[in-house]
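Student: Residue-level listing of the chains:
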Amino acid sequence: MAYSDKVLEHYNNPQNVGSLDKDAPDVGTGIVGAPECGDVMKLQIKVDPETGKIVQACFKTYGCGSAIASSSLATEWVKGRTLDEALEIKNTDIVEELSLPPVKIHCSVLAEDAIRAAIEDYKKKAGLGGNPEKAS
Amino acid sequence: MPFLEDDARKAERASTLPRQDGSDVVDPFALLGLEPRPDLCPVELEKAYLNRSRELHPDRREGEDATARTAALNEAYRLLSDPWRRLAILCEMREPGVLNRCRELPPSFLIEAMERAEEVEAARGDLRKETELEARLSGELAALERKAMERFAAGDMRAVATLCHEARYHRRALEVLHDPGS
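Protein sequence lines, in the order shown, are assigned to chains A and B. Each step along the first sequence adds one to the number in our numbering, with nothing skipped, and position 67 is 67. Each step along the second sequence adds one to the number in our numbering, with nothing skipped, and position 58 is 58.
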């Protein structure tokens, strides 16, 4: 399958690969997986508690080019955003930006899930209540 | 002539199952004239495949869909030759949609999968480490398969579906170890 130029760009030169200390109080970690293909993706955010903005983001993904590109793009996009702003990133935005074909849409879903999981993890640590739907 | 036209027709009729979305999906077991069960041995599978191939061979059966039938048969054989695909197909036959319902894996499992992928990456290029890791992962995969067979026999399709998903990560890790190019 042919990858789009943007996917190749992120694949060959992925942004923000690495790890943050998952035990640090200002770091949120999200690990998600796609069982269809055995992909696994870890996305981490570092939040400034003063401003509530994401100051750093990194990822580690074992998967296809589209999964790597989706997570690379996701880390680029969340940086500088508040948590609520980061939650506005939708998988469809990633699909559009990377011109992902239908068979690779699940890669963008994985990236969106990873952002949500990382934010959820940070909120839990920071005592921000987490998902309001789950709060009673 | 030992070949019975009726048998082939019966098998064809029996070989489509209703899917969740209303469309029909081919039941590869029926196509090969086999009982739907997970513990098929390769020999009986091959025997069934060869028998059915003879019956459906375009030289014996006229008609334009003979080629399509042979292709379907080849596909059924390919699917059932893989024990994990076989288990996944059986799961869906027993409980349609179960694979999708069980697709969310526990975080502890995903952390393990991540660590395993890191281990594979670290072992790459070191033949001794690669061999050790391959042996360990193959052993773990075989244990998962035994567990899946047990859960299938117990009728717990959710457990089988989850194990099928978990095994995908082991299989993926082994694929990476086998393929020096990736």
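Honestly, the hints are just simulated from the structure, not real lab data. Source: prediction; values computed, not measured. Errors might be hidden in some of the hints.
Beyond 10 Å from chain B on every Cβ pair, some chain A residues (computed) [unchecked claim]:
id, residue
1, V32
2, E36
3, D39
4, T51
5, Q56
6, E76
7, E88
Here are some, though not all, of the chain A residues that point toward chain B, as calculated from beta-carbon distances under 8 Å [unchecked claim]:
id, residue
8, P35
9, G38
10, C58
11, K79
12, P101
13, V103
14, I105
Where a beta carbon is used, it is the ideal one built from N, C-alpha and C, also for glycine.
Student: Hint by hint, which ones does the structure fall short of?
Tutor: Of the numbered hints, 1, 2, 3, 10, 11, 12, 13 and 14 do not hold.
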